[in-house]
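Trainee: As you go down the protein sequences, you meet chains Y and W in turn. For reference, each letter of the first sequence is one residue, going 1 to 145 in our numbering. For reference, each letter of the second sequence is one residue, going 1001 to 1090 in our numbering.
It should be emphasised that the hints constitute simulated quantities derived from the structure, not laboratory data. By construction, the Cβ of each residue, glycine as well, lies at the ideal position given by its N, Cα and C atoms. Please note: incorrect hints may appear among the correct ones.
With a Cα cut of at most 30 Å, we get these calculated DSBU-like pairs of lysine-lysine [stated by the list, open to error]:
| no. | chain 1 | residue 1 | chain 2 | residue 2 |
| --- | --- | --- | --- | --- |
| 1 | Y | Lys122 | Y | Lys7 |
| 2 | W | Lys1043 | Y | Lys122 |
| 3 | W | Lys1060 | Y | Lys7 |
| 4 | W | Lys1045 | W | Lys1060 |
| 5 | Y | Lys120 | W | Lys1045 |
Counterexamples of contact, computed for chain Y against chain W with all Cβ distances above 12 Å [as the list claims (entries may be wrong)]:
| no. | residue |
| --- | --- |
| 6 | Phe34 |
| 7 | Leu61 |
| 8 | Thr134 |
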Amino acid sequence: MHPAAAKELFERDVATLSPTLARRRHWIIHAVEFPTIDCSFTGDGRTPLRLRFMCNDWNDLPPSITLHSADGALLTAALSNPTGVFHPGPHPITNRFFICMRGSREYHTHPSHVNDPWEKLKGTSNYDLGGILTQVWRAWQKGRG
Amino acid sequence: MSSEHVGVSVSTTAGFYPAEGFNQVPANQRVEVDLDKAKDALKIKDTTGWVATVTLPSGKREINIAQSYRENGLSGDVEIDWGPSEGGGG
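The following block holds chain W by itself, in its conformation from the complex (with noise of 0.2 Å):
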């Protein structure tokens, strides 16, 4: 894979984009338009208030779709856990 692509794996309880492995994407692709796919292809109703982490050697942070995946600090193959955020407490 070359620095200009990532690959990348969007995982929801939903199910996967792609079903199996990785879609080699642009590196300077914003992370939305995938998650858009994402929400598309796994037929997800509505992802209002979800949110995006992924986990690094440092742990796991959220980041920012409307940036790409160089923006994020991303590179080579990229797992994204794509959901809703925490609930609120009562």
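Here chain Y stands alone, though its shape is the one from the complex (with noise of 0.2 Å):
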């Protein structure tokens, strides 16, 4: 993808992700500026969650998602969640915690599901960036702490 491309297909993904949807999902929208997503999910009870969407090469690829603690620090312990999005174990490739769910670039490219193509979902709507969020803040709230 030609960076300009996936800077206007990205501009135009993070456009609806608004101070008003920020307020109604208790998200905390810390920065969207291509090619960074930086978000928290929060919610009463719960220890907020920071994620980083770099969405270089976007939608050729699939955005590389990081997990935080509140402060941006990188998370150092995996998190309690029965979905199996948020994976206990380190990623083969980047030797972190990661997101293992359709639609994030460490599943595509973890070995046990590289024969799930992410060019079978690229541009549906389940599958943009909005989407992308959407699904791991889903499974986050299915968690505790």
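Using the hints, put the two standalone chains together into the complex.
Mentor: Pasting the structure below:
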């Protein structure tokens, strides 16, 4: 993907990630500037989870997603979550905790899922940037702590 | 607002329906009627597998879109969050 085209697609996707949506969903949108989305999920009684989506080559590649504490440090402990989306072990390439879900770059590059190509998903409503954020958020809401 | 009507606002990552405020609709109208209108207005291509949730004082809960607002126990101004369900983990 040409960087200018990737930026245009990115900006189209994030244009509707508005302060009103963030308020309703209890998200904190720290920054949205190509190629990065920096967003925290919060909720009553929950420890916030901060995510950074690295969207270089969007949407030829899905976003690479890293997990952080509220202050921006990379997570050093696995999240307690029943969905399987927040993988409790390190990714074989990044050696970090990762989002093991269709739509994350770490999922599609994991040896267990390389036969589930991103090309089948890209461009669909569930797998634009807002759709991927929403899916991760809903998984996070199933957890505790 | 009469108890025969509810105010409805649908939020998605593609935008809001209506863009501002709440639409007044009959309380006995099925939720999916407004979601279909939101899909058209916001030019959402595919909503297969999407879920609708509301946040009440008791917490967030999924609603049955084939039922009416009244059957879902909703009244007053209703903010519906609509989007894909959680992704399957690997």
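Trainee: Output the indices of the hints that this structure fails to meet, ascending.
Mentor: 3 and 8
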